[in-house]
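K.L.:
Taken in sequence, the protein lines are chains A and B.
Start counting the first sequence at 1; every next residue gets the next number (UniProt numbering).
Start counting the second sequence at 1; every next residue gets the next number (UniProt numbering).
These are computed hints drawn from the structure, not numbers from a lab.
Beta carbons: idealized from backbone N, C-alpha and C, even for Gly.
Do not take every clue at face value.
Simulated coverage check for chain A against chain B, where a stretch passes if three residues somewhere in it have a Cβ under 8 angstroms from a Cβ of chain B [as the list claims (entries may be wrong)]:
1) 129-143
2) 228-234
3) 250-257
2 protein chains.
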Amino acid sequence: MTAPAPITSLQNPQIKRLVRLRERRERERSGTILIEGARELARALHAGLAPEAVFSCPALHSPEAAALAPTLGLVTELSRAAFEKVSARENPDGLLALAPTPHPALPEPGPQAVTVVLHGLEKPGNVGAILRSADAAGAHGILVLGRGADPYGPNVIRASQGSVFALPVAVMTEADALAWLSARGFTTFACTPDAPRTYWDAPLTGRVALLLGTEHQGLPVEWRGADHALSIPMQGRGADSLNVATAAALMLYECVRQRRVQGKAI
Amino acid sequence: MTAPAPITSLQNPQIKRLVRLRERRERERSGTILIEGARELARALHAGLAPEAVFSCPALHSPEAAALAPTLGLVTELSRAAFEKVSARENPDGLLALAPTPHPALPEPGPQAVTVVLHGLEKPGNVGAILRSADAAGAHGILVLGRGADPYGPNVIRASQGSVFALPVAVMTEADALAWLSARGFTTFACTPDAPRTYWDAPLTGRVALLLGTEHQGLPVEWRGADHALSIPMQGRGADSLNVATAAALMLYECVRQRRVQGKAI
Numbered sequence: 001m002t003a004p005a006p007i008t009s010l011q012n013p014q015i016k017r018l019v020r021l022r023e024r025r026e027r028e029r030s031g032t033i034l035i036e037g038a039r040e041l042a043r044a045l046h047a048g049l050a051p052e053a054v055f056s057c058p059a060l061h062s063p064e065a066a067a068l069a070p071t072l073g074l075v076t077e078l079s080r081a082a083f084e085k086v087s088a089r090e091n092p093d094g095l096l097a098l099a100p101t102p103h104p105a106l107p108e109p110g111p112q113a114v115t116v117v118l119h120g121l122e123k124p125g126n127v128g129a130i131l132r133s134a135d136a137a138g139a140h141g142i143l144v145l146g147r148g149a150d151p152y153g154p155n156v157i158r159a160s161q162g163s164v165f166a167l168p169v170a171v172m173t174e175a176d177a178l179a180w181l182s183a184r185g186f187t188t189f190a191c192t193p194d195a196p197r198t199y200w201d202a203p204l205t206g207r208v209a210l211l212l213g214t215e216h217q218g219l220p221v222e223w224r225g226a227d228h229a230l231s232i233p234m235q236g237r238g239a240d241s242l243n244v245a246t247a248a249a250l251m252l253y254e255c256v257r258q259r260r261v262q263g264k265a266i
Numbered sequence: 001m002t003a004p005a006p007i008t009s010l011q012n013p014q015i016k017r018l019v020r021l022r023e024r025r026e027r028e029r030s031g032t033i034l035i036e037g038a039r040e041l042a043r044a045l046h047a048g049l050a051p052e053a054v055f056s057c058p059a060l061h062s063p064e065a066a067a068l069a070p071t072l073g074l075v076t077e078l079s080r081a082a083f084e085k086v087s088a089r090e091n092p093d094g095l096l097a098l099a100p101t102p103h104p105a106l107p108e109p110g111p112q113a114v115t116v117v118l119h120g121l122e123k124p125g126n127v128g129a130i131l132r133s134a135d136a137a138g139a140h141g142i143l144v145l146g147r148g149a150d151p152y153g154p155n156v157i158r159a160s161q162g163s164v165f166a167l168p169v170a171v172m173t174e175a176d177a178l179a180w181l182s183a184r185g186f187t188t189f190a191c192t193p194d195a196p197r198t199y200w201d202a203p204l205t206g207r208v209a210l211l212l213g214t215e216h217q218g219l220p221v222e223w224r225g226a227d228h229a230l231s232i233p234m235q236g237r238g239a240d241s242l243n244v245a246t247a248a249a250l251m252l253y254e255c256v257r258q259r260r261v262q263g264k265a266i
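Okay, chain A solo, but in the shape it has when bound (with noise of 0.2 angstroms):
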């Protein structure tokens, strides 16, 4: 018996297919989304992610890539051509996988863990930063709120570097956010510009809960409270503020500093 030939034709169902499954609206209404490349197809694995079908392109794979294929059990190989025409990336390491749409549920929190809510945030890369840092930092998990980045969109997997798939990353409404903390002790603190308290002086230990968004007057007024607005100190010469991802990680890390200043675990 010999192996399927590879898919060439840019008409195939399948190709068409993944790249209709780039746009966001084709995502949600068929409840799938796309992982392209080793790490983050990795990181999907480990994670517990069931791929419901895996595309190949050897001509293409990268070590990693190559190393991580043949574990995979059934693929679909593509031609060099096809897969090109599949990547949403400039340098395609020859993986790519459709899976369907995580929805993890939040574990009951830690007393120190440490929540992060996004608030329609839009870039990509921010999003994804801010997961890597913030499974860097040990967090809790994330929850996502508004119409922001689709948080398991290409762009963001590939900026999260898989870190979306290492720890729970919740699409919610804001009322059921809010519920979720309130109902669990959560504090909440904002990261604003002209707040006249540090990040440095709030208490982030216990069960906390970082907020970053664009635009805070959407937000229920519980989390606009004047005492839980932190601001990072800026001097600045050229710079107007902190990118949202830099502002995230420094709060994420001075609540792991503060937690291990008291001895207590994160």
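Using the hints, position chain B against chain A.
P.N.:
Here is chain B on its own, set in the frame of chain A:
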């Protein structure tokens, strides 16, 4: 007297020159840089840079560009097609200037100066993000060593949002940088994932140089001392390491925090 007609020909020598200047080699040969965008140009002007020419396309102007353009003196108007040809951006704001490559002198550092040393960093987005954070954290200056991204290239200027003009960014040889730092009593700290000492545990006050690079083996041996290696603790389930720009921001702001705890101005 009427204004000269806009340049519409894509074969115009000025258009061709602007396109050539997107290449680093051509910028280095001519000692000229491109500054695109109203925000970036405003910061360059504020830093005292004198553009040798400004190109404008009113049809593309953002409100910020429309406000800045009339203040700029002699401006050459380009048609929309011509401007889009010379722009390096997806959504140009209709302002682009040529200026001599800056060669800022490093001012003598204060007793609490923090200097960032970039060694061979290749991604313009990372270099730009580090410049932005360094500016926000009040760093004294940036030393750029090795053949990484051109700090005055269009993508670094954009990613830094013009911060590259707000603080001194000096391109140096390793030997000159080491001599400069040693003569002034800087302590150099390198960020490496496996260092036993965390960045919270090192005394980061006094004159501090933060070394960031993609590879350390090419550095002078004095910069590789284990005393001076710092790590950022990572609890991540997915991420291999923090992005270098995130690591830079964390270390820069730890310098600020320690100065603040000790009542010292940066």
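K.L.:
Are there at least three residues in the region 250-257 of chain A whose beta carbon sits under 8 angstroms from a beta carbon of chain B?
P.N.:
holds (count 4)
K.L.:
Against chain B, does the region 129-143 of chain A show at least 3 residues with beta-carbon separation below 8 angstroms?
P.N.:
holds (count 7)
K.L.:
Are there at least three residues in the region 228-234 of chain A whose beta carbon sits under 8 angstroms from a beta carbon of chain B?
P.N.:
holds (count 3)
In terms of the numbered hints stated before, the structure departs from none.
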